[in-house]
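Listed here are the chains, written in short residue letters.
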Amino acid sequence: MCQDCGCSMTHDHHHDSLHTNPQLNDKKTLSVIHKILDKNDVEAQHNRDHFEKNGICAFNLMSSPGSGKTTLLEHLVDQTDMKYAVIEGDLETSRDADRLIAKGINAYQIQTGSACHLDAFMVHGALHHVELEPLDICFVENVGNLVCPASYDVGTHKNIVLLSIPEGDDKIEKYPVMFRRADLVLITKSDLQQHFDFSVESAKAQLAKLNPDVQVMSISVKEPQSLQPLVDWLATQQAGLKQQLAEQA
Amino acid sequence: MHEYSIVTALIEQCETLGAENQAKAITRVEVKIGMLSGVEPALLSQAFETFKLDGICANAQFNMQIQPLVLQCHQCGQTSEQTERTIICSHCQSNNTQIIDGEDMMLMQLEMDT
Ligand SMILES: Nc1nc2c(ncn2[C@@H]2O[C@H](COP(=O)(O)OP(=O)(O)OP(=O)(O)O)[C@@H](O)[C@H]2O)c(=O)[nH]1
Ligand SMILES: [Mg+2]
Ligand SMILES: [Zn+2]
Ligand SMILES: [Zn+2]
Ligand SMILES: [Zn+2]
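Protein chains in written order, with the UniProt record's numbering: chain A, 1 to 249; chain B, 1 to 114.
Bear in mind the hints are in silico, worked out from the structure with no lab data behind them.
Hints may be right or wrong, so weigh each one.
Okay, derived cross-link-like pairs now, DSBU-like style, lysine-lysine, Cα gap no bigger than 35 Å in a straight line [as the list claims (entries may be wrong)]:
1) B:K52 <-> A:K39
2) B:K24 <-> A:K27
3) B:K52 <-> A:K174
4) B:K52 <-> A:K35
5) A:K158 <-> A:K242
6) B:K52 <-> A:K53
7) B:K52 <-> A:K28
8) B:K24 <-> A:K28
9) A:K222 <-> A:K204
10) A:K39 <-> B:K24
11) A:K28 <-> A:K39
12) A:K28 <-> A:K83
13) B:K24 <-> A:K35
14) A:K35 <-> A:K158
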């Protein structure tokens, strides 16, 4: 069945089937059914192997520009004992990595140039510049963009999508692919709630239609205690991965 | 515009498959684009026309099949097809469903001159 429709019930090794069209005997039709981003997915799995060899749970942070990804990573260090490094993706400059390094966080900058997303190959290049051994978790801060990064597995374990209060709660409906792929949605800058018409309830209602298993948390770096549930969630993911790895061993 | 990167990967696949099958040219490329794959079909086809120029796909026709969401419901056991972006089962309104099609981008078929 999967041979005919290429649905996600399919599994990897399809044999390409060749038909020669009897009317036009110099034309061949080849039925293939390959994921177009196949190569990226293989590299992503390789990146996960790197992380897992070191017992690291990795998180892909995605959002539109300015939702607070770097700021969160700057503040998180004061709230958790878990050791983390950050792989930064930006079109230009190494400002975000510099901000983190200034806080004593190990960060490596990828400049994507014209690419509006990170792919597994870029992250792999960066991985070999980061000392993984001492880490518990690792973040990949993707390029600020709610569209393109959603299509690429970069080899992390969980997707965290940030949506800041000033952006508006309608972004979930407008960027469904990104929010569908989230394991955790962080509603950021919650200290600004009183100034904007952002409805957390309607954000949750939209998510329920698209991604009912997703977790939702409101955070603000101005209210450090609001980061606690996030810290707990990260630790839970890390413990879950460790257990899974121990069971496989 | 990650459609350009996606087309680059697609054309690479076509080149490889063409070479494996001793094709002189690829005349038709069939892809299936899921409604929730994160790809804009118009941009994808525009990117294909731009990038195909000097390669095995230079004269290839590009056909896209847009795949609606197909949901398998774990509550009532039925499958349903959705043209809206929701994972709610249209038979029983449960959200305990699994998307079995409509999230991927697949190369489905190639027609070649050999
Ligand atoms: N009031 C308030 N402002 C915040 C909060 N978090 C971040 N900001 C501000 O939002 C702006 C953008 O934050 P960044 O952390 O640079 O955003 P980013 O997501 O890393 O942006 P890009 O890397 O460019 O995509 C900065 O001026 C931050 O000070 C918050 O919790 N509350
Ligand atoms: Mg940043
Ligand atoms: Zn490697
Ligand atoms: Zn893009
Ligand atoms: Zn149902």
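Structure-based check of all given hints:
no., hint, result
1, B:K52 <-> A:K39, "holds (19 Å)"
2, B:K24 <-> A:K27, "holds (10 Å)"
3, B:K52 <-> A:K174, "holds (31 Å)"
4, B:K52 <-> A:K35, "holds (19 Å)"
5, A:K158 <-> A:K242, "holds (14 Å)"
6, B:K52 <-> A:K53, "violated (40 Å)"
7, B:K52 <-> A:K28, "holds (20 Å)"
8, B:K24 <-> A:K28, "holds (11 Å)"
9, A:K222 <-> A:K204, "holds (23 Å)"
10, A:K39 <-> B:K24, "holds (24 Å)"
11, A:K28 <-> A:K39, "holds (25 Å)"
12, A:K28 <-> A:K83, "violated (56 Å)"
13, B:K24 <-> A:K35, "holds (24 Å)"
14, A:K35 <-> A:K158, "holds (21 Å)"
Hints 6, 12, counting from the list given before, are not met by this structure.
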